[in-house]
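Colleague: Listed below are the residues making up each chain.
2 protein chains.
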Amino acid sequence: MNKLYIANKVYSSWSLRPWVLMKQLLMKFDEVVVPFGEGSNWAAFRQFSPTGKVPCLHTDQGVVWDSLSIAEYLAEKNHRVWPNDTMARAWARCAAAEMHSGFATLRSQCPMNCVIEVKLDQISSQLQADLNRLQELWREGLSRFGGPFLAGAEFTAVDAFFCPVAFRVQTYGLPLDEPCQAYVQRLLSLPAMQLWREQALQEPWREEAHEQACLAAGTLRRDHRTPQA
Amino acid sequence: MNKLYIANKVYSSWSLRPWVLMKQLLMKFDEVVVPFGEGSNWAAFRQFSPTGKVPCLHTDQGVVWDSLSIAEYLAEKNHRVWPNDTMARAWARCAAAEMHSGFATLRSQCPMNCVIEVKLDQISSQLQADLNRLQELWREGLSRFGGPFLAGAEFTAVDAFFCPVAFRVQTYGLPLDEPCQAYVQRLLSLPAMQLWREQALQEPWREEAHEQACLAAGTLRRDHRTPQA
Numbered sequence: 001m002n003k004l005y006i007a008n009k010v011y012s013s014w015s016l017r018p019w020v021l022m023k024q025l026l027m028k029f030d031e032v033v034v035p036f037g038e039g040s041n042w043a044a045f046r047q048f049s050p051t052g053k054v055p056c057l058h059t060d061q062g063v064v065w066d067s068l069s070i071a072e073y074l075a076e077k078n079h080r081v082w083p084n085d086t087m088a089r090a091w092a093r094c095a096a097a098e099m100h101s102g103f104a105t106l107r108s109q110c111p112m113n114c115v116i117e118v119k120l121d122q123i124s125s126q127l128q129a130d131l132n133r134l135q136e137l138w139r140e141g142l143s144r145f146g147g148p149f150l151a152g153a154e155f156t157a158v159d160a161f162f163c164p165v166a167f168r169v170q171t172y173g174l175p176l177d178e179p180c181q182a183y184v185q186r187l188l189s190l191p192a193m194q195l196w197r198e199q200a201l202q203e204p205w206r207e208e209a210h211e212q213a214c215l216a217a218g219t220l221r222r223d224h225r226t227p228q229a
Numbered sequence: 230m231n232k233l234y235i236a237n238k239v240y241s242s243w244s245l246r247p248w249v250l251m252k253q254l255l256m257k258f259d260e261v262v263v264p265f266g267e268g269s270n271w272a273a274f275r276q277f278s279p280t281g282k283v284p285c286l287h288t289d290q291g292v293v294w295d296s297l298s299i300a301e302y303l304a305e306k307n308h309r310v311w312p313n314d315t316m317a318r319a320w321a322r323c324a325a326a327e328m329h330s331g332f333a334t335l336r337s338q339c340p341m342n343c344v345i346e347v348k349l350d351q352i353s354s355q356l357q358a359d360l361n362r363l364q365e366l367w368r369e370g371l372s373r374f375g376g377p378f379l380a381g382a383e384f385t386a387v388d389a390f391f392c393p394v395a396f397r398v399q400t401y402g403l404p405l406d407e408p409c410q411a412y413v414q415r416l417l418s419l420p421a422m423q424l425w426r427e428q429a430l431q432e433p434w435r436e437e438a439h440e441q442a443c444l445a446a447g448t449l450r451r452d453h454r455t456p457q458a
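So the sequences go chain by chain: A and B. Everything in the first sequence is counted per my numbering, starting at 1 for the first residue and increasing by one. Everything in the second sequence is counted per my numbering, starting at 230 for the first residue and increasing by one.
Source of the hints: derived by calculation from the structure; they are not laboratory data. Watch out, some of these pointers could steer you wrong.
[As the list claims (entries may be wrong)] Going by beta-carbon spacing under 10 Å, a handful of chain B positions derived as facing chain A:
(1) 267
(2) 297
(3) 298
(4) 299
(5) 319
(6) 321
(7) 324
(8) 420
(9) 421
(10) 423
(11) 426
(12) 427
(13) 430
[Stated by the list, open to error] Sample of chain B residues at the chain A side, in silico, Cβ under 8 Å:
(14) 278
(15) 280
(16) 289
(17) 293
(18) 294
(19) 295
(20) 302
(21) 322
(22) 323
(23) 333
(24) 448
[What the hints assert, rightly or not] Counterexamples of contact, computed for chain A against chain B with all Cβ distances above 12 Å:
(25) 36
(26) 42
(27) 66
(28) 86
(29) 142
(30) 191
(31) 222
All values reported here derive from a predicted model rather than from experimental measurement. Even for Gly, the Cβ is constructed at its ideal location relative to N, Cα and C.
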């Protein structure tokens, strides 16, 4: 049985990608949640991940330690991971890879925290540039492949790669056009996304550095967690 | 015929990856070199690339705009792009993806410039951490799959992803252990790498911002280009 190592569901956007992909495609796996903790967790995470980062998939055949490579590993076992059409598949891989190495401002100014709501002080020009590109990319996929998912009728790995963005849009109230907001709602409504958030709400840990990073560019509007004792 | 859009061969590490992969595997393609120029080239690059970045592959079937996705697109046509063994392939994809989203200090403190030599003032602790991980990764691949390339006997996409690092090691005289230095020499000796560097030496452009970035952390030891008129 594959075993997926992930960090806190409240914060870990990278962990969410393979998790939601496998859950949504009904692929069985065990999960191990290792909380970030405060300060460097590199040495602790190195116990199970060669980069000291999550996610990391332990398979019967060996360790697969990068989110995009986990998708490719799974795709060799399950043909639903990527779209069937050659160019839809190429497009989906490009869009997922663009998220993998890009959208730096969106990722740094709006860290994932799927259980709070934040009012941003402002949308910086760099953040707006990321949002512009994001919407252009999503509109292209939804229109070119017919929706309701980015590369066609089925949820595939490219949608999984943008699931953390859906939480970010919800948390920070990011302004998107109608087709993109509808796509965000579609992702948030997925059973696997609802399960992730429910489990996030139950987590006992709060990492101060992560909490503060989420409020660096705005003010707390709502915390959906029950107060700590 | 596939057409690969790239930027200056002197500086463009991302461009080098698919270029050296296709050249080394004897895959035919046309290339279009568009120099970076000074200041923002986003609008100019957007003419041929949806992200405004290079590399970008134009195929008969459509545009493939990310280096890792170009490798996957080519892999569907050519079985030599990735190793044949399942776990060697998974390992190769993880290592390439780690380069795709990581090694940030190595990339920022040692920008690629394959025609000069620079003496670094010092190796910062963050740079040393990147070099430590790099060597661990390379040693693992070389030992586990038997060499002389990272994932076995043949040059595959994972080697292509580390070709820019080989130039960086040469340019900045980065200290690596013996097996890793030997691997760097192996990459630098590839016909495709030698061709890239010869063509870089012939380029007429010098981009001041790029040249200065290469000297930000050290002093010029040698410039292999002929002096400009």
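Colleague: Are residue 267(B) and chain A close enough, Cβ to Cβ, to be under 10 Å, as the hint says?
Modeller: Hint violated; residue 267(B) Cβ to chain A Cβ min 20 Å, cut 10 Å.
Colleague: Would you settle whether the hint for residue 324(B) is holds or violated, based on the nearest Cβ-Cβ distance to chain A being less than 10 Å?
Modeller: With a minimum Cβ separation of about 8 Å from chain A (threshold 10 Å), the hint on residue 324(B) holds.
Colleague: Identify whether the interface hint at residue 293(B) stands, where standing means a beta carbon of chain A within less than 8 Å of its own.
Modeller: holds, 5 Å
Colleague: Was the hint right that residue 298(B) lines chain A, CB cutoff 10 Å?
Modeller: For residue 298(B), the interface hint holds, since the closest Cβ of chain A sits about 4 Å away, which is under 10 Å.
Colleague: Is the interface hint for residue 333(B) satisfied, with its Cβ closer than 8 Å to some Cβ of chain A?
Modeller: violated, 10 Å
Colleague: Tell me if residue 426(B) is really an interface residue toward chain A, meaning its C-beta lies closer than 10 Å to one of theirs.
Modeller: violated, 25 Å
Colleague: Determine whether the non-interface label on residue 36(A) survives the test: each CB of chain B must be over 12 Å from its CB.
Modeller: Residue 36(A) is indeed farther than 12 Å from all Cβ atoms of chain B, at 18 Å.
Colleague: So residue 86(A) supposedly isn't at the interface. Is its beta-carbon more than 12 Å from every beta-carbon in chain B?
Modeller: The assertion about residue 86(A) is violated, with a minimum of 7 Å to chain B.
Colleague: Taking 8 Å as the limit, does the beta-carbon of residue 448(B) come near enough to a beta-carbon in chain A?
Modeller: violated, 30 Å
Colleague: Please check whether residue 294(B) passes as an interface residue: C-beta within 8 Å of a C-beta belonging to chain A.
Modeller: With Cβ-Cβ at 5 Å, under 8 Å, it holds.
Colleague: Hint residue 297(B) vs chain A: min CB-CB distance below 10 Å?
Modeller: This interface hint holds because 5 Å falls under the 10 Å limit.
Colleague: Against chain A, run the beta carbon of residue 278(B) and see if the smallest gap drops under 8 Å.
Modeller: Interface hint status for residue 278(B): violated (11 Å vs cutoff 8 Å).
The earlier numbered hints that this structure contradicts are 1, 8, 9, 10, 11, 12, 13, 14, 16, 23, 24, 26, 27 and 28.
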